[in-house]
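Asker: Chain residues, written in single-letter form:
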Amino acid sequence: MNYRQAKNGKLMIEILPDKCDFCGCCVGVCPEDAIELKEAEIFIIDERCTNCSKCVWSCPIEVIKFVIKNGFLFEKSFQMKKMAALPGDPCAHFV
Amino acid sequence: MKNEYDIIVVGAGPAGSMAARFAAEQGVSVLMLEKDRDVGYPVRCGEAISKAGVEEFIPSDDKWIAAKISKFSFNAPDGSEAIIDFGDAGYVLERRIFDYELARTAAEAGSEIITRAYVNGLLFNDGKVSGVKYELNGEQKEVKAKVVIAADGVESRVGRWAGLETHIDFRDMESAVQITAANIPVDQNTLYFYFGQDVAPNGYFWIFPKGHNKANIGLGVSGLIGKKKSAQSFLDDFMNKHYPNAPVLTKIAGGVPCSITLDKISGPGIMLVGDAARQVNPLSGGGIASGMIGGKIAGTIAGEAVKQNKLDHILTYDKAWHDRLGKRHETFNRIKEGIYNFSDDKFNSIAHSILKIPIEKRTLGKVFTTALMNNPSLLVDIAKVFVV
Numbered sequence: 001m002n003y004r005q006a007k008n009g010k011l012m013i014e015i016l017p018d019k020c021d022f023c024g025c026c027v028g029v030c031p032e033d034a035i036e037l038k039e040a041e042i043f044i045i046d047e048r049c050t051n052c053s054k055c056v057w058s059c060p061i062e063v064i065k066f067v068i069k070n071g072f073l074f075e076k077s078f079q080m081k082k083m084a085a086l087p088g089d090p091c092a093h094f095v
Numbered sequence: 096m097k098n099e100y101d102i103i104v105v106g107a108g109p110a111g112s113m114a115a116r117f118a119a120e121q122g123v124s125v126l127m128l129e130k131d132r133d134v135g136y137p138v139r140c141g142e143a144i145s146k147a148g149v150e151e152f153i154p155s156d157d158k159w160i161a162a163k164i165s166k167f168s169f170n171a172p173d174g175s176e177a178i179i180d181f182g183d184a185g186y187v188l189e190r191r192i193f194d195y196e197l198a199r200t201a202a203e204a205g206s207e208i209i210t211r212a213y214v215n216g217l218l219f220n221d222g223k224v225s226g227v228k229y230e231l232n233g234e235q236k237e238v239k240a241k242v243v244i245a246a247d248g249v250e251s252r253v254g255r256w257a258g259l260e261t262h263i264d265f266r267d268m269e270s271a272v273q274i275t276a277a278n279i280p281v282d283q284n285t286l287y288f289y290f291g292q293d294v295a296p297n298g299y300f301w302i303f304p305k306g307h308n309k310a311n312i313g314l315g316v317s318g319l320i321g322k323k324k325s326a327q328s329f330l331d332d333f334m335n336k337h338y339p340n341a342p343v344l345t346k347i348a349g350g351v352p353c354s355i356t357l358d359k360i361s362g363p364g365i366m367l368v369g370d371a372a373r374q375v376n377p378l379s380g381g382g383i384a385s386g387m388i389g390g391k392i393a394g395t396i397a398g399e400a401v402k403q404n405k406l407d408h409i410l411t412y413d414k415a416w417h418d419r420l421g422k423r424h425e426t427f428n429r430i431k432e433g434i435y436n437f438s439d440d441k442f443n444s445i446a447h448s449i450l451k452i453p454i455e456k457r458t459l460g461k462v463f464t465t466a467l468m469n470n471p472s473l474l475v476d477i478a479k480v481f482v483v
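Chain order of the listed sequences is A and B.
Numbers 1 to 95, taken from my numbering, label the letters of the first sequence in order.
Numbers 96 to 483, taken from my numbering, label the letters of the second sequence in order.
For reference, chain A alone in the conformation it holds in the complex (with noise of 0.2 Å):
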């Protein structure tokens, strides 16, 4: 599994910029200044983030997400959660 770095351990999030509608809620609330966000771009700031959620949890229109690979769900502090069955494939979206 190749993921990309974050401050304390791996980028557990993923925003994906094909759905996303560039409102700033996700910035507004990023306690570490990690996101960056121009007219319609829009990315996470590896070395800042700390995998907190509260961009998560603040996207009205859930386009970021905990990362899934393989069947497993990584959620903050790294515990991994097995998913119920996943329609597709569940990595299609991460690179």
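What the hints contain is simulated information worked out from the structure, not anything from laboratory work.
Bear in mind that the values here come from a model prediction, so they are computed numbers and not experimental data.
You can take every hint at face value.
Taking lysine-lysine and the DSSO-like style, the derived pairs with C-alpha atoms no more than 27 Å apart in a straight line are:
1) A:38 <-> B:97
2) B:322 <-> A:10
3) A:65 <-> B:324
4) B:391 <-> B:422
5) A:7 <-> A:19
6) A:65 <-> B:346
Assemble chain B onto chain A, guided by the hints.
Answerer: Chain B only, in chain A's frame:
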């Protein structure tokens, strides 16, 4: 365009435009930078505002009024609807035109405006903010200023770069989603509010008419609720139930910072206005009028500071804002925290008691006292709200 200005405003929403205008009116040089390609678009707003809130800044004009509002309809979870007639109360705006017009007034006062200019850093001199770094047409540029006014919205980062604490608690962030739909046959002069666990727990759901049976339909929920169910799913549920085939003209997401104003909204060379300063009315989530007021105060003070060559004068902005609206927002925030805990039963019983008053006698005061008399436990809630 010059490489140095007296004042730079970051963001051309209502707060930014008013800051630019009231600064430029004093004869100082002003540049306003907007990150998007258009001023006023995309519109991330329910667009309702009181008439008084608008007319402090610009005379009413039909070209940006989508609907004139005289009545409020409060809908309890059990379906009871209490209508209150406020007379000539306000408008639902056409923000994409309204914001344009506000920016025009800033331009007429003398400010320069550039769109697609993405501010991505600040310049510092001797610990003071002394300008901004920005990207324009793929090129990285810099421009100096004596004062930078950050009007960069809910997603503001300029304040943090200047060393102010600006990030908002996710519980206070109302994550919102809204569609503008056609063929919604509601009264075109009424704002509709819906409360309850099913439609918008810890927030409210709205239908604001926009003329010709178009309407803004949306809701905001706190990040605490968003943890379990997103604003989007609440909206989908409501639309499937009430307007399953409504044609959707626009769909937009947004965040409303429903909290008290930031502890500090000015610092050496920097001022924050509008959503960036968290100047939203925390009870209603309305931020157009309060943002314009914040912009006016900040722009005026910044202009004076430059003219008198006393840049420390900008630090008086915190108190000036606090006296005009900041303190009132603290009260609204306590009321909000009380209402957030209301059960569906409580909303129902308040609606029932309002319904007992004949509609022509439903003034706000009368509604309030009647609600209190019929729901004595409300007194306890209100007392809780005001006891710090």
